[in-house]
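With the hints as extra help, turn the sequences into a complete structure.
Single-letter residue listing:
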Amino acid sequence: MALTLASRRTTRRLAADAGLLVVAAAFVLPLAWVVLSALDPRANLRVKTPDGLTLANFDAILTPEITFTPLLNSLILCGGATLLTVVCAALAAYPLSRFRSRFNRPFLLTILFATSLPITAIMVPVYALFVRVDLIDTMHGTIFFFAASQLPFAIWLMKNFMDGVPKELEEAAWTDGASSTQSLLRIVLPLMGPGVAVVTVFSFVMMWGNFFVPFMLLLTPDQMPASVSINDFFGNRGMVAYGQLAAFSLVYSTPVILLYVLIARRLGGGFALGGAVKG
Amino acid sequence: MTATAPHPRLTKAPTDPHPARGPRLPVRILPLAPAVVLLLLFLAGPIAYCVYIAFTDLQLTGQARESFVGLDNFTRALGDEEFRNAVWLTLVFTVLSSLIGQNTLGLALAALMQRASKPVRTLTGGIVVTAWVLPEVVAGFLLYAFFRREGTLNAILDWLHLPAQNWLFTLPILAVSFANVWRGTAFSMLVYSAALNEIPKEITEAAEVDGAGGWRRMWHITLPMIRRSIGTNLMLNTLQTLSVFGLIWVMTRGGPGGRSQTLPLFMYEQAFQNSLIGYGTAVALLLLVVGSLFSLVYLRLLRTEV
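Top line first, the protein sequences correspond to chains A and B.
Per our numbering, residue -12 is the first one in the first sequence, and the count goes up by one each step.
Per our numbering, residue 73 is the first one in the second sequence, and the count goes up by one each step.
Any given hint could be a false lead.
[Claimed, not checked] Covered by chain A, per the in silico footprint, the following chain B stretches (three or more residues, Cβ under 8 Å): (1) 144 to 151; (2) 194 to 202; (3) 348 to 362.
[Stated by the list, open to error] Beyond 12 Å from chain A on every Cβ pair, some chain B residues (computed): (4) S139; (5) R156; (6) N157; (7) V164; (8) G212; (9) P235; (10) I245; (11) E274; (12) L295; (13) M297; (14) G329; (15) G330; (16) S367.
Just so you know, these hints were derived from the structure itself, not from any lab.
These numbers were taken from a predicted model, which means no experiment stands behind them.
Yeah, the Cβ is synthetic: ideal placement off N, Cα and C, and Gly gets one too.
Below you can see the structure in the form of C-alpha cells.
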C-alpha cells in the first residue's frame, strides 16, 4: 500500500512537472523574443537564433532623445508621485491604526471601495477637468493624479502593516513625553521598514508601467515618460527597427523587475498581494 | 530585521481600544488631512465631474459653454451600433480572458505547483510572474510580435504544418484576450497558491488514503475550501480586465474596423477622435457604475471573511 502510494506520487509529480513545463514554454516565447531580438543585428518579429550577437541595438537607443530623457521623465513622475503617496499614506494610516473612532470603519470601507474602482473610466473627465483648471500637460498635475489614484491601496496596505507594530512601545514613548509625530517617525515607521518598502515599491512599479494616465494628461513630447515614448518606435517612420524596440523594452522594464525581485525576496516569496487582497 | 524591541512585547495584541494617553480627536485626525485633500481633489472631484458632464454635450473644440442635455448621451448610446459592439466585445474579452483564462489557468498552475518538483515550480513561477511584472505597453509589444502575420505563433504553426493566420486581423479579440491571459495569470496563480497552501495536509492525505482520485479531491475538498479566494480573485480579475486599455491599444488600436474595441477604447475614441467628451464620459460613467457594483460585491465578500 505504502509503496503504491509512493509510486503513484512519483508519477503524479512527473505529470505535474510536464504540465508546468508546457505552460512555461508557451509563456516564455514572447520573453525569449525580446531578449534575442535585442541582441540580434537583423531582428524581425519571430523568435529565432540571432544572426550573430551585437550590442548595436543598445548603442543606437542609448541616446538622450530616445532613452535618457523619457526614463528621467518616468523617474520624476513616478518618483515624485510615489514619495507623495507614501508620505500621505503613512500619515493617514497612523490615526486609522492607532486611535479608535467611529469614523475609522466608514473611512476604511470607502478606501477599500476606491481601491478597486476602474481608474481608466475616469480618465476622460480628468482630462476635461485638467483642461479647465489648467493642469493639463504639467508634470505636477500628473504627479498629483498618480498619487491620488494609488493612495487608496497604499493607505490600506500601510494601515495593515502598521497594525502589526505593537502599541506598547509607543505608549512607553508617550510617557517619556514624546509626541505622536515623534513616535510615528522614531518608533513606528522604523519598525515597519519592510512594510514601507513594500508600499513604496508597489506604488512605484504600478506607476512606472502605467500608460494611460501620462498618455492622457501630458501632451508635450519632451515631457513624456518611457511608457508613452515607446510608441514612437511605431511612429510615421514606416520601417520599425524591431531590434531597437526590443532593446528599449528591456532597458525600460529592468528597473521594475529588479524592484519586484527585491520585495519578493524580502517577504520570503509569499508576497502575492494575496495577503493584501484578503485584508 | 529592524526590530529593536524586547521580544515578549511583540507577541502582545496590537490594538487597545482606549490609549491611556494621546492627543484629542481634532489633533488625532489631522494626519489624515493631506490624504483626504488629495483624494477629494483628484479622485472624488473627477468622479463628480464625470457624473456632471455625462449629462452635457461638452465637446473638445469650438464651444463656448456646454449645455445640459439630460439623458441624451445615454439614449444615443443605446441606439449606437458601435456602442453595442463595444459592450459585446467587452463581455467576450472579460469572460474569455478573465473568467475562463486567467482564473482557470491560474488555479491549474497553482494546483500543479503543489505537486511538482521544486526546480520546475521555481522556473515556471518565475516566467509567469515576469510576464505580469512587465509594463503594460511592453507586454503589448511582445504579444503584438507574437501574433503578427510574420510572428512567432505562425512560425510554430508552419513548423507543425498547420495553416497560418493573420491573427490580429481575423480574430483580433481572441488575440488580445490571449494577451491578457498571458499578462494577468500570475495574479490568480499567486492568490491560489497562497490559498492552497493554507489547506491542512492531513485533509488531502486522508482523502487520498480513502481512495478519492485527483479530480474528486479537487471538486469535493479543495474547491469548497478555497471558495472565498475564488470569489475575491474573480472580482479583482474582472475589475482589472474591465479597465485594460494600453494592451489593446498597442496591439490593435481597437481595430480592425472596431473588432477589438472594448469599452475603454470606445470611450477614448468618442472623446478624442470624435471630440465628443460628453458622450465619451457617459460611456465612462457606465463603466464606472459597473465597476462600482463589482467593487461592492468584493467588499461584501471581504466582510464575510473578516
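Okay, the hints, checked on the actual structure:
With a cut-off of 8 Å between beta carbons, the segment 144 to 151 of chain B has 0 residues touching chain A; three or more are needed, and the interface restraint is violated. Residues of the segment 194 to 202 of chain B with a Cβ under 8 Å from some Cβ of chain A number 6, which satisfies the need for three, so the listed coverage holds. Counting residues of the segment 348 to 362 of chain B whose beta-carbon sits less than 8 Å from any beta-carbon of chain A gives 7, enough to reach three: the coverage restraint holds. At roughly 15 Å from the closest C-beta of chain A, the C-beta of S139(B) stays outside 12 Å, upholding its exclusion from the interface.
A cut-off of 12 Å between C-beta atoms confirms that R156(B) is not in contact with chain A; the least separation is 18 Å. Here N157(B) stays apart from chain A, with its beta-carbon at least about 18 Å from theirs, past the 12 Å limit. Look at V164(B): its CB is around 18 Å from the nearest CB on chain A, clear of 12 Å, so calling it non-interface holds up. At roughly 8 Å from the closest C-beta of chain A, the C-beta of G212(B) falls inside 12 Å, breaking its exclusion from the interface.
Non-interface status of P235(B) relative to chain A is upheld: no Cβ of that chain comes within 12 Å, the nearest being about 17 Å off. For I245(B), the shortest C-beta to C-beta distance to chain A comes to about 18 Å, beyond the 12 Å cut-off, and the non-interface label holds. Its beta-carbon lying about 15 Å from the closest one in chain A, E274(B) satisfies the requirement of being farther than 12 Å from that chain. Every Cβ of chain A is farther than 12 Å from the Cβ of L295(B); the closest lies at roughly 17 Å, confirming the non-interface assignment.
Distance check for M297(B) against chain A: the nearest CB is about 14 Å away, which clears 12 Å, and the non-interface claim stands. For G329(B), the shortest C-beta to C-beta distance to chain A comes to about 20 Å, beyond the 12 Å cut-off, and the non-interface label holds. Look at G330(B): its CB is around 18 Å from the nearest CB on chain A, clear of 12 Å, so calling it non-interface holds up. Separation of S367(B) from chain A is inadequate, the least Cβ-Cβ distance of about 4 Å not exceeding the 12 Å criterion.
When held up to the earlier numbered hints, the structure conflicts with 1, 8, 16 and fits the remainder.
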